[in-house]
Amino acid sequence: MKLGAHVSTSGGLSKSIDRAQAIGAEAIQIFASSPRAWKFNFPKEEEIALFKKK
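This note's numbering puts the first residue of the sequence shown at 1, with every later residue one more than the last.
Note that these hints are calculated values from the structure, not bench results.
The beta carbon of each residue, even a glycine, is placed where N, CA and C say it ideally should be.
Incorrect hints may appear among the rest.
Here are the simulated lysine-lysine pairs, DSSO-like style, with alpha carbons at most 30 Å apart [claimed, not checked]:
1) Lys52 - Lys15
2) Lys54 - Lys39
3) Lys15 - Lys44
4) Lys2 - Lys52
5) Lys39 - Lys15
6) Lys15 - Lys53
7) Lys53 - Lys39
8) Lys53 - Lys2
9) Lys54 - Lys15
10) Lys15 - Lys2
11) Lys2 - Lys54
12) Lys44 - Lys54
13) Lys39 - Lys52
The following label-pair restraints were derived from C-beta to C-beta distances [stated by the list, open to error]:
14) Ser34 - Ala5: 16 to 26 Å
15) His6 - Lys52: 32 to 42 Å
16) Met1 - Asn41: 26 to 36 Å
Please work from the sequences and hints to get the whole structure.
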């Protein structure tokens with residue numbers, strides 16, 4: 001069984017990986033944008049690449 005958590009993406013997508021590792025999570029769930037807002041900001045290519053690298 002894998003244990004995970006919903007982690008914040010505040011500060012960038014890659015920060016969610018750092019937060020998950022800090023709590024020992026093996027899986028994460030993130031919201032790509034605020035679930036309470038219609039506005040969506042696409043992450044920059046550099047941030048996506050860093051997320052994938054981690």
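Which earlier hints turn out false for this structure, listed by number in ascending order? Structure breaks hint 15 only.
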